[in-house]
Each structure stands twice: as C-alpha cells, then as structure tokens.
Amino acid sequence: MGRRILLIEDEPHIAEAIRFFLARDGWTVATHDNGLDALEVIRAQEPHVLVLDVMLPGRSGYEILADLRADAGLARLPVLVLSARGQEGERARAEAAGASRFMAKPFANDAILAALRDMAGS
Amino acid sequence: MVPFKILVAVCLAYVCMLFMVAFAAERRAQRGQIGWLRSPLVYTLSLSIYCTAWTFYGAVGYAARSGLEFVTIYLGPTLVLVGWWWVLRKLVRIGRSQHVTSIADLISARYGKSNVLGVIVTLMSVVAATPYIALQLQSVTLSFGVFASGAPEGWATPDQGATTLWLAGGLTLFTILFGTRNLDANERHHGVVMAIALEAVVKLVALLAVGIFTVWSVAGGFVDVLARIDASPIADWPLAPGRWIGLTFVSAAAVLTLPRMFQVMVVENSDERHLATASWAFPLYLMLMSLFVIPIAVVGLQALPEGANPDLFVLTLPLTQGQGKLAMLAFLGGFSSATSMVIVAAIALATMVSNHVVTPLWLSLRRGGTRAPGDVRGLVLMSRRLSIAGILALGYGYYRLSGGGAALAAIGLISFVGAAQILPCLLGGIFWRGGTGTGAALGLGTGFLVWLYTLYLPSFGTGGLLSETLMTAGPWGIGWLRPQALLGIDTLDPLLHAIFWSLVLNTAGYVLGSLATFPGPVERMQGVAFVNVFDHDPVARGWSRGGAEAEDLLAMSQGILGAEEAQQFFQREAEAQGKAGFLPETTPDFIERLERRLGGAVGAATAHAMIAQFAVGAVVSAQDLMAVASEAQQILEYSTQLEAKSDELARTARQLTEANDKLTELSVQKDAFLSQISHELRTPMTSIRAFSEILMDRDLASDMQQKYAGIIHDETIRLTRLLDDLLDLSVLENRKMKLNIKVANLHDLIDRAVRSASNIRPERDFAIRRDVSSEHMPVVTDTDRLVQVFINLVSNARKYCDAPRAEMTIHARQRKGGIIVDFIDNGSGIAGKAQTVVFEKFTRLTDTARAGGAGLGLAICREIMANLGGTIAYLPGQGGAAFRVTLPIRPGGRSDNADG
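Protein chains in written order, with our numbering: chain R, 7 to 128; chain B, 1069 to 1968.
Chain B with its partners taken away, still in its complex shape (with noise of 0.2 Å):
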C-alpha cells in the first residue's frame, strides 16, 4: 500500500522533472538548437493528448460498459490522419501562412477578420471544454481517492471536495508556468510540447505495463484471455451502426476542431512533412493504447469484487494484485493524461480568451490614452494567466455542479460534440469560397444553441439546470421542442439525436446564411487566400513580430518612406532624444510620431496596425484590423474611380492625336503652299536680279539693254498678277469678299469678258461663238465677280486650246431657280485625272513659259462663284475643256461646294 503522502511527494516530484524538461526544451530552442525539440517523433507524441485521462482510464470503463463501442473513438482521428492529405496538411499550411494563434482565429481571419466571429468560437470552446476539464480533474481525484482509501471502491474519500480544488489550483499555477513564460508571437511552446510528449511516452509505457501485467500474471496468458473474452458479455454486446457511425463522425470533427488539438497539430506544427509521419505513427500509438482495452475490462470485471468502478481498472487491478510499483506507474499515467490534456486546453483556451475578448475590450476602453508597448504586454500575459485560472475554475465548477456523477465516456462526448460544433465553418472556410461571416455566425450560434438544449444542459441530471417536467414534457408542455426528443423524434439514443440536430441545423444555417449575404471585401479576399492556400507561396508572409526594436521599425519605415527619408526622420528623432546613432529609444512618444508620418503614406488604420504587429507582440485590436479592411474597400472603390477617369483619359487622348494628325496634315498642306508661293515669287524675281545686274553693264548693246529692260517690266507685272492674285484668294477662302451687287443683263457681262480676253495671245486666231438671243436674261449678282470668272475661262481657251482652228461656244440658259453658262473650246480637253484637281491651287497642266500664270485662276473661280452662291465645274464628255458656271437667280447663300 502507498501512502497518501508519498503518492504526493511522487506526483510533485514528477511534475518538477517535467519543469525541468519543458525549461531546457526552451533554453535549448532560445540558443537556436531545436533540432530534435521539432522531430516529426515529437509531433506524434504531442498529438497523444488526444488521449486524455478519459481514453487512458474511461476506456476501460467504456468497454466494460458498452462493449467495443470505445474503438469509435480512435477510429475517427485515425481517419483523419490517414487523409491528412486532404484536410489537415490545408488547415495546416493555412495556419502558418495565416500566423493563426489558434481556432478561433483561423475562424476570424477566414471570416473578414470578424472578430465576433472570434468571440463566438471562443465561447463556445470554453463552455465545450469545461465538462473535459472537469473530467480531467475527476479522474485524477479519483485516482487518489483509490490510494487513499485502499479500496477498489475508491468513492469512500473522506475530504474529495478538498483534493479536487488543490489539483485544480496546482494544474493552474502548472500551467501558468508552462504556458505563459513568455509571449511567443506564433504561440509555439517548445518546453510544454516537449514535456507533453515526455508525458505521452509514460501514458503509453504504464498502459501496457498494466495490460501485460493483466494478461500474462493476473490472466493466464494470451489464450486465456482471448477464452475470457469470448465467455464475458462484452463479447456478446451488439453492434449499434447508428452509434458507430456518429461516434465515428464525432471524434475525427473533433480532433480537428478542439482547441487543444488545433493547438499541438496546426500552431505547433514546424514542418509540412511531419504531417507524412504523424499519418502512421499516430494510429499506430492510438492502436497501442487500446491494445489491452479489453483484456483489462474483462479481466477486471471478473477479478474485481461486484461494485468496482470499472473507470478505475487500470488502477485497481494491479492494486488488488499487491502490485503497488505498477500502480504508482499506472497512476502516473493517468496524471499525465490528465495534465498534459489540462496544460495544453487551457494554454490553447487562454489565448482565445485574451486575443479575442479581452485584449479587444480592454484597447476599445483605452482608445486614444497611451499604447506603450510594455503595457500592452503585461496586460496581454496577466490576460492569459487570468484566462487559466478562470477555464480551471470553470471545470472546477462544473464537477462540482454535476456532482462527478456521470460516467467518463459520456462527458467527453459532450465536449466532442460542442466542439464539432466548428467544423462546418471550418471546412466550408478552407473549401468553399462562398462561405460568409454571417452564414459562420448563424450556423455556429444554431449549432451551439442546439448542443447546450439537447446535450449539455440535460448533462446536469434531470432537475439539475432543466426541471424535469421541461425534459419530459418540453417547454411550456410544448412537446416537439423536448431538449432529448426534437420535432417528436425520440428514437434515437439522446447523444445521436444531439449531433445529428445540431449538425444538420449548423450546416443548413451556415450554407443559407452565406447564400444570403454577400462576402465583403476582406472576407473574399481571405476566403481565396484560404481555399486555394496551395497556389501561394509557403513561405509565411508578414511581419517579424516581438518587442519594439528601433531597428525593425526603420527596416519597415524604409518599406514605406523609402531608405533615406525614413533614415533621416529616425536620426532627427535620436537627436531630439538626445541620443547618438540613428535609432532613437522606442518612446511612446515616438511611436506615436512614426505612426502619424506612416500614416500619411498609407492610411491611419493600416499605419496603426503595422506598428501594432512590432510594438504590441501579437496583438492588433479588432478595430484596427476592421478600420484595415474599410480602408481598403475605400481604396478599392477609388480605384475603380480612377479606372473610369483612366478611360475618359485614354479617349481624351485618343481625340488629341486625331486632331494632331488634322492639324499635321493642314501643316504639311500649308508647306507646300508656301514652298509654291515662295517658288511662284521668286522665279521672277531670280530674272530681275539677273537682268538688272547685267543692265548695270554700260559697254551692254541699247538693243539689248531695251530687250532686257522689257523682260524685267513683265516680269513685274508678273509679279504683281501674283500677289493680287494670293490676296484676292485669301479674301475669298475666308468668306469675306464684299459683294457689290448689281442689276445686269448677262449678254452685257458676257460681252465685257470677251473683249477683255482678247489682248490674251492676240495674235492667234481665236473664233467665239455665241447664241446672243439667249443671253438676254436679267442677273442679280456682283457683277464684276462674275465677268472675271468669265475672263478666266476664255482667256484659259485662248491659251491653252489646242486645236489648229481655236473656238469656244459659250451657251447660256435658264433653268427652274438658275442661270447656267457653259464655256466649251474645241481643244483636247482636260484629261480625266486632271479634272479634279484644276481646281487646285498652283495648278498648271502646261509648262510656266506657256501659262504665264501661276495657276491660280481657276482657284479664284472657284472661291468667286462658291462666294457668289453659285458653282463652277468641269463638264466632261464635251470634246475640248468644257466648264460650266451656275448661278441662283438670285444672290442667296454662300455656298462652300466648289463643284456640286
């Protein structure tokens, strides 16, 4: 028999080797030394806090109980393990590319960062393990209670009560040592993960130490027990499938969503690859711990006296057997069951409570007083002590308030349940990219409300929290709203009927509520970053986080000020402090000056939140990363703006360039104008210099003198043609010619003309015949205008006709609301070609020396009659050059058609 005291001294002498372990795992991890601290061996045994004091005691339990209904409970982590491919390698790439701190944060990061999302999940994961860690702390006192009294019957302890609340307090001040030491921004533990699997390695060793001890010694060997098995009624016990299945389903959501589990699997994780490994070996150390199950169930129930709680049977049977050594090491089994899942669920629940709650509140009561980091630091550990002490005495509540009475088995499940609880939300966040943060909150809220009705309120005992009448009869005697019995159905054994209303209503408002809605900004952002996490590079993203060094606050300034102006603001800074160098102290002042100057370089919210992640550790407030994300819906929306303006823009300039090549064309156009006049003048001029030269000459004959002086006065006059020619044109071509108009008769006009035309090559022998009754007809026009259009056309025949015997017939007509006058000589006429571009000035189809012009006429003709309201045109198909001249019988409006 032991001693009580002993047990004590043994207990806590076990828990310093444990300290001391966890201290040098740490020290040794701080010099940089991990190397087998992060071996994929450490990270399988670390999983093992799956099996708490629940699977290393309640098993037994389970089994004598319910036969082999407690393989449900491995089945479903193996699963999981076993395609580790599918889910867990996604949670747990999320998790580091996400720095996720824990569940609840995975959930509010995929969730736009909402932080009631946060809180939810928290909630319920506190409410959810309390029962687990009332079971812990009940199986421990149990444990003592059997050495205490030194019966199998173990219940007879005399001071229960007492010892429950030492073990609670002791795990507390435990796991605040453990877990708090520091703040580790990725909230790794080396020294914790390392003595849990220390712990991990005595649960397996005392386990089948007892199960060997079982089938070997108190057994008659291996065939003995297999024919013991075969005549106990554990053997005869019938399958469930129902049960099966949900059990099944139950454990494999529930590795993935208890907090403590997320914790060692996704936090801790280091290295993808240990996922590969932890696939076998994991089932493997789950196979070996129910290896002896049933042996011992079954040995046990017919070794031990009648009455003997079979929860206990790992401890009692080697007890009963004198075999006080094995059942210290069984003993210390269980306590290490027991504490490594406590250490691990409150470290994992703490964190939840002070990044989500607390530190949240606690910045939105102090907004705008000081946020020196020292502060933000010790709050956020004292936070998390506090957090410990509170889930401990919430599981020290709850045992007492349930009075220890329910069976290990069954409370665990309540806890699986409540945490399965997660996992629509979980798997919908890291497969579907339409899940929203309000269909999240809607199908946690009915899944958990479901859960605490139909499971953990009735988990009290009838006449606990829930009157007995509401049991049976249902509220208000509402019958189909009975917590175990749901719309009437009450065949199915209470706990299925839980997870089965509380999961299917959970879904069905998670995946209604993100129909629904429409996911904002960051939530869409977040859930592709979450669903195809794969197509990311794996490399982590963000900041490095820890204390406030000066020097990572300059190497993020440079990221936004740019090297030299964030140089230059922190050696202004060290200055004014007084200090030499370039890194000012990390005043509280400062910060706030480089949060302002970030600030203006990339919005208030996002500065605040940068300088957070540096001078706060982990922490950033709900609000800041809220404030982060309206920042930039508001930069998106902007952005779509200057889209619109970058369009407008691009039309804008689309227009300029049409017009530039307008205006380039009218520029080249307005070139070879000029390069023509600049010819047309000074081709004259070139012989009155040169005449004028040679004139200057006495010894010059006075017959060439009196030649050469006649070129240079017709050369002037040529000259002067010219420029009254250009003038006359630029006049017409801006519409300002002054009409001088006059009743005429157009027999009159067309006579002037002729007579003017013919000091043009007077010597040629040049025939004009004319219809003069036909001529007789009344015009209303600038009358002078229209003679020189005349002229134009019969000294152009009297030029350039062709024909042997020259000619021209000028024929004129009245039509319905017109004068017409043709002109047409009976020379070659004017090439199709050229027809459209006589017009034109500076055009001449002859050579110089036989125009004599500069080829402005017909130019001029066209401006005059376009001026006059009327036309001139060329008619083809005449014989020789036809043209013909039209004008309205009265002046109307100018027409700017030159030939239609």
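This is chain R alone, in the form it adopts within the complex (with noise of 0.2 Å):
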C-alpha cells in the first residue's frame, strides 16, 4: 500500500484528474469537497500528504491550514495548496499561512507529482 494522501478540492473535474493520476503514481487517494468538516476528516484519514484547495464553501483553505498549525499533531504535516485566484500575493500568503508548497491552477500534473514525492520523501 502506497503512502496516504487526501485531497481537499471541491470542483468534481479537477478533483477526479488528481486522484487520476496520483493513483497511477502509487499513491493511496482520499478525497473530500468542503471545508466545513475537513479538519475532521484529515484527523481520521492521518493522510502522509495533505493537498488543499483555498477557494472551498464552507471555509477556506487558510483557516483549515490555521487551524492545522495550531494543532500539536498536525502541525508538521505536509500541506500543498492550490488556489485559482492567481493573483500576486498568493503564495506569500499561503506561505504564511503555513503551506509547505504553492501551486496555482491550471498546473502540470507532473509538477504536482514531483512536489507531493519531494514532501513525502522530507
């Protein structure tokens, strides 16, 4: 069994090409799509790797990321975040937030590959 990631995305497509491929690569996919109950969801899941949308109904991807710092066992958790408001900032801001990586939509898959191995393999 391959290493453990959830995936915190609420547009259904861009959803399904992630747990696509990431499943080709070997990893064990677990999705979920809003932020209302994700720090529970994360919490029973204990993903390896976290990746997280910020734009998500119920709350947004930097308050579940505040939240997860703040919490002793998650803290160190790997978290990459996507965000499609490509603006200026953004990745400061997630950075910030805590994120570990930044990508902004669209993105390669190969990229999002590479970076999930490399946090993973940290």
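Treat the hints with care, since some could be wrong.
[To be verified] Only part of the chain R face toward chain B is listed, based on derived beta-carbon distances under 10 Å:
1) Glu17
2) His19
3) Ile20
4) Ala23
5) Ile24
6) Phe26
7) Phe27
8) Leu45
9) Met61
10) Arg65
11) Ala81
12) Ala110
13) Pro112
14) Ala114
15) Asn115
Source of the hints: derived by calculation from the structure; they are not laboratory data.
For clarity, every value in this text was computed on a predicted model and none was experimentally measured.
Note that the Cβ used here is the ideal one computed from N, Cα and C, for glycine as well.
With the hints as a guide, bring the two chains together.
Rendered as structure tokens:
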C-alpha cells in the first residue's frame, strides 16, 4: 500500500483528474469536497500528505491551514496548497498561513507529482 | 570781599575740575570699568538736577514770599519716587526695551513711531524749557552781580547783560564739550552723570553749610530760630489747599515729563534696581535740601536790610556777615545747580531736536543722494551742537525779553506746567492700549495752546506779547476768552487756572481723539509692547549699534540671507575691492549693494532701516520707520489672504481625500471582481489542462478516454459561457446594449423561455403552472432579452428548487402603466440575508457543482431589466423562491434602479 494522500477540492472534475494521476503514481488517494468538516476528515484519515484548495464551500483553505498548524498533532503535516486566484501575493499568503508548497491553477500534472514525492520523502 | 576776577577764576577752575572728572569717568567707561560709575548712589545724585538754581536760591525766596508752599515742589517728586513701583519702573523698563533716547522718542515710539508726535513733543519741550534756562542764567547773573557790587541789592551791576551773554556762551561751549564728545547709541553719558553727581554733593554741602552758619552763628541756635520762625509772618501764612494740590501735582508730573529728568531717570538708568535705592535716597536728599530753607528765609528777612532780594539770601547772608569763603561755597553751590540743569537739559533737548527735526528733514531733502555713514555721523554731531547753541540762545532771548523781572519761582512753575502737558499721553501710552497717535496729538496740541495762552504768553508781562486790553477784556472783547479767566472763571489764581484748563482740555482731547480713531498696526503693536512691557523679556532687543563695521553687517546679513550665502556675498565684494579675506570695506557702494541684496529678502524699507542702524548710528529717519510700518501692514494683509487660501486648500484636500477613499473602495471592489473572474476562468482551465495531460498517455483505456474528453468538452462550454456572460454584463453595465424592439404576445415569450429551460436537468420531474388566459397581452420591448431573463429564472428554479415535487407558478398581469410577471417555485426559498446579495455578480448560494455557473445570471437579469426600463426584484414571503419582473407597457427610459 502506497502513501496516503488526502485531497480537499470542491471542483469535481479537478478532483477527479488529480485522483487519477496520483493513483496511477501509486498513492492511496482520499478526497473530500468542502471546508466545513475538513479538519475532522483529516484527523480521521491521518494522511501523509495533504492537497488543499483555497476556495472551498464552508471554510477557506487558509482557515483550515491555520487550524492545522495550531494543532500539535498536525502541525508538521506537509500541505500543498492549490489556488485559482492567480493574483500576486497569493503564494506569500499561502506560505505565511503555513503551506509547505504552493501551486497556482492550472498546473502541470507532473509538477504536482514531483512536489508531492518531494514532500512525502522529506 | 571777593574780587570779581578771582570769582571768575574760581568758576573756571571749578568747571575744569568737573571736566576732568567727566573725562576720567568717560575713560573708565570706555575701558569697561563701569563699576561704581553706575552705582545707585551716583544714580540718585544725578536725579538732583531736579534741584536747580531755582531750588537753591529760589526756595528761600519762595518761603520768604509764600511761606511753606515751597514744600510742594519737593512733595511731587517725593511721591513719584516713593511710588516708583507704579509708573517709574514701567517707564524705565520701556525705555530700555525700546532703546528710547528721549521723552519725544518714547511718545513717538508708543504711537506708531509717528514722527509728527516726536516733533510736537520736541517743540513743546523746547518752548517749556526756555524760561527755565533763562531762569538759570538769571540766577547765576544775579549771584555774579552780588559779588561784583558787594551790595545786597545786587541789581546795580553795571554790566549785567554782558555777564549773562558770557555765561550763556560759556555754558554752550561747556555743554558741547561735555555732551557731544561722542555719539553713543543709547545716549548714555557716563562722564556727564559723574560730573552731575559731584555737583549734587557740592550743592548739598553748600546749602547745609549756609544753613548751619545761619542757625548757629547768625541766630542763637536751634531754639532761637524756632522762636524767630514763630514770630515771623511766614508762620502766619495761610495754607491754600487748591494751590498745594495743584503745585504738588504739577511738580510730580514735571519730574516724569521734563526732558532733563527723563534723561537722567530713564535714559541714563543702567539698572532698574537703582530705582529702589533712589526711592528713599532721593526724597532724603530733597529733605536735606529743604531743611534750612525756612530758617535762612526768616533770619535773612530780619538780618538783612529792607528791600534785599530774598532769592539771594543764601548768598547775601554769609556775605553781609563777612564770611567770604562760605559765600564762595554758596556761590559754587548755586553755580552747580544752574550748570548741571542747563547741561542736561541742553543735551536732552538737543538729542530731541536733532533726532526728530533736523535729521529727518535732512534725510528727506537728501533722499536719493549718497548715504555715506560718515556724512550722517558728522551731520548728527553738528546738528546736536547747533541745537545746544540754539537752545541756550533761546534761553538768553527769553531772559532779555522778560527783562528778568519775574521772581524765580514763578518762572520755574511756568516750565513745569508746560512740561506737564506731556503727562496725559505718557500715562495713557503706558497704561491704556486704546490711546492713539491722533488722540495724543490732539491732547498735546490742545494742552500746549492753552498753556501758551493762559500762562506762557502772559508771563512776559502785561503789555509784553499780549496787549493790556486782551488781558483784561479778552480777544476781540470776548470776555470769556480772557487768558486768565477762561469761561469767565476768574476766581482761581492764574497758575491754578492754567493748570486746570490746560490739563483738563488736554486729557479730554487725548481720550476723545483716541476713542474716535483706530490705531494703525504699528501703533497697536507698540501699544501692546508698552502696556505689557513686563510680560516681555527684560533683555533689550534690537541691534547693537555703532559704526558700520563689516563684521556687524556680516552677522546681520547671515541672519537674513543664511550663513553661506551672506559669506559668499561678502567675499565677492571683498574680492571686487581687491581685499584679501571676506570682509570688504564698508564703502557707500558696498552698503548700497548690500541693502539691495537684503531688500530682496526682507523688503526695501526694512533693509534700509536695518542697515541704517549700523551705518548711521542711532538715526533712522522717520520715513524709514513709516515705510517699515506700511510694509508690515502689507505683510499682515498678505497673510490674511494666505489664510483664506489655505482654508480653501484644506477644503480641496478634504475633497481629494474623499474622492481618493471612493477610488480606493472602487479599486478594492475591482480587485475582488478580478480575483473572482480569475478563479472562474482558471477553474475550468485547470480541468481541461489536467485531463489533456492525462489523455496524452497512450495507455489510457478507451472508455476513460471517452469520459475525460467529455469532461474537457463540458468545461470548454462552461468557459465559453462564462466569457459570454462577462462580455454581456460589461455591455449591459455600460448601458450600451443595442435594443431590438419588437411587438410580441407575452404568452409566446413565456412559452419560448419554458421550452429553452427544459434542457436544464431534463431528468428532473419539474412542473410549471401557468394561467395562460392572463398571459395574452402585447409587449413592446427587446423580446430576445426579455426571454433571456425568463429563461434564467426558470432555469434557476429547475436547478435549485429543493422540493421533492418541484414546481413553478408563472403569473402575469397588467397593472396601471406596467406589466408584471411573477415566477414562484415551491422550494425553501432564499434566506432573508441572501435576498439582498442574490443580484450581485458571482453570488452563488449553493456549491459550484450543483450550480454549474459562475453566479452571473441574476446580475445579468438585473442589468437587462434596467436596460429595458423595467425591474426585477425578489418577492419575500411567497413560500419558495419568488421573483417579480416589471416591464413598462412602452419601452421607456432606462432605469438605473435595479430592484425598485
């Protein structure tokens, strides 16, 4: 069994695409589609790596990230933040919120894979 | 008996000694060894010039004629000195802070630096001082006469006129030598003050010596003298309260306003604390001076033959007793009294004449000519010397004109009343800010004329300058204008009459004139500076004056131009003159260029006045000061305008800030909008790119290929729709929509919309209830756009209505002036808070997956209805989601009101 990855993304097509190429790469992928109960899902799943969208129904990715970093058990969880608000300062904002990596949408699939391998390995 | 020649020799020797004392004091002062030169004792003794020959000789005569009344002449100054805290201290403080050079300067400075007032006060002072100087000449002449003839009658001197002339000439020379040796900016004369102090001691010692001789040698001691006084008519002399009050008041006023008293008291004062000492020491001096007046008068009346002039008892009493040396001491005492008064009075008056009359005149005549500093210094010295000579000549003239007939005391009082005319505007000037130059001129002029008419002119004697008939019947026979009985009041004695009328009319003129006029800016400024002098820093302000030293000028210029610029200017000038270093010669050319340079910075008049401070010593012409004043006025006006401008500027700045806030708000909204658009565009593109990359893998199963290509296709359509909506919205928002107006049946339009929307969630069971009969009405509008709105509403209901058996009611009706179509579904509706935002762009109440749109639909509907001149609004309280579309029957004006 490969390493566990949790993908929190509300756009079903995007979630489907990511799940497909991660699974093909050997990851065990779980998905979730809103921000409201994201924290509970993360605690239950105990993923090795988390992929987090910013604009989610219920709670934004940044709010979730802040809670993660405040939680002793999850503070060191590697998180890849994805955002479609391609504006300047978005990367800085994500890193300030505690993101391990940041990627703007649309992305290259290989870049996501490389980043996740890197994060899981470290 | 002392031979006349020896007397003259003693006089000369005495004068030489005084000159040496003065010279030595001047030398010490120049070396900076002021020390005891400026002690409270010297200051107090210098005040003794109040005791002139009139006091020295005349007090005894006064007592012999009028009993104790002579005391009033000492009472006035005593009151002023004892109450120094009230007036004197303020005068001294003002004098120092304003660099006042004379009483005329003080009045002129107070009332807006008006030279007219300076001229008036100078004229009055000269006219008032003339009889007084004549009095000194007369008394010295008389005392000479006593020695020359050896007779108590003294009058019989054969060569009297010549003696007086020699005396006047000698005093002129003496005063010029003493008083105009140098031009000191502060008009301080250390040497003169020292000599006067010495003379004060001689006076006192001489009078005390004669007094002691009289009491214990001529009479039989203290008890005997008291008995003699009791027996003499002096004791029976009635006290006249009116005269006592009047004379005390006038002598108190005179001590403040006589130019020579002002000179020693205010101008020569070097330390305010000296006043505290003088406040008891000077009254003590006066008391000692008056101690033996009554005994000498009483004993003189008894011991000397009938007809002896009581004004000369001080001299004749020792002479008749064979005491030649004592008589000589008494003579020197009288001589000291006369000379000290004449010297100081002439110096003070000459300063006034020179500063307020001669120099301004000369400057105005020579305007535009060269202003070489040396020229003006020479001119000032020359004008002072000529003034001194002129003043003594006037005194001599008065003496000859009046024929020396009047008693000493009467002449002195005329002067006092004349000088007292300055009092109202002086006191008003230092205690009342409302006093104006016009008021001061009016008061001074009135008082002066009344004094001339009621006291001065009559003093030349009946048949002198005023005719006999004028004196007794009034001018042109008008009785109430008689000089000594104005308004028919002839019960007062002439002196009191003159005091009363001159000062009452003077004060009235001053107060009324001040109330009727408005002070100019400089006047107001000076008024505040004078009245509130104790609020200011006691350290004297102003420029250190003196010769035009390049270094001083550089220091001043640095203050105005800035250190570096001034230095460069001076260096260039020095180079141009071929001088090394940075200090050029202060040639007229250089001064003129410097003035122009400074004028660029502070205004021409100010620059000129400032340079004048350095270049011509104490003299700044009246025109200069006036020009400075008007410049100050302009600056004031300019700053008022500036204030108005800056108010306006502040308003504009406020408006700009508000506009900026609005722009910032708009910009924040725009950023949020762009961020939204970015998200809406990037989301489908992300799916398209991710699946495209996946499809590039050839190993992919064909059903997966099919599925993912379908997703790409859907997302492309979504993207296209989004772009269409955005473009549509942008056109609609700018109200640039092209209206394609047609006539149609509303029923047909609703049919079209329902049909078009049926492909949204076609699998869903969705019922639409319509009252078809009510839908048949004509509409005149852009029918395609209206249908677009209807489709949007039906589609939304198909997508979002959450009822298990979803259905929608469409109800149309025509009301007065408009067509109303309601779309109501049976779902849970829209919560209150969301009802207000539902028409905003990018508002999605459910998640994206279910909506499948960017949240622009209702925003577009709102814009379309506005373009069609109608509205769309949410209808609360209908059970489900309810929208009302309102349309005018005719296509009217486009409405900006989105939901009203």
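- [ ] Please flag the earlier hints that this structure goes against, numbers listed from lowest up.
- [x] Of the numbered hints, 8, 10, 11 do not hold.
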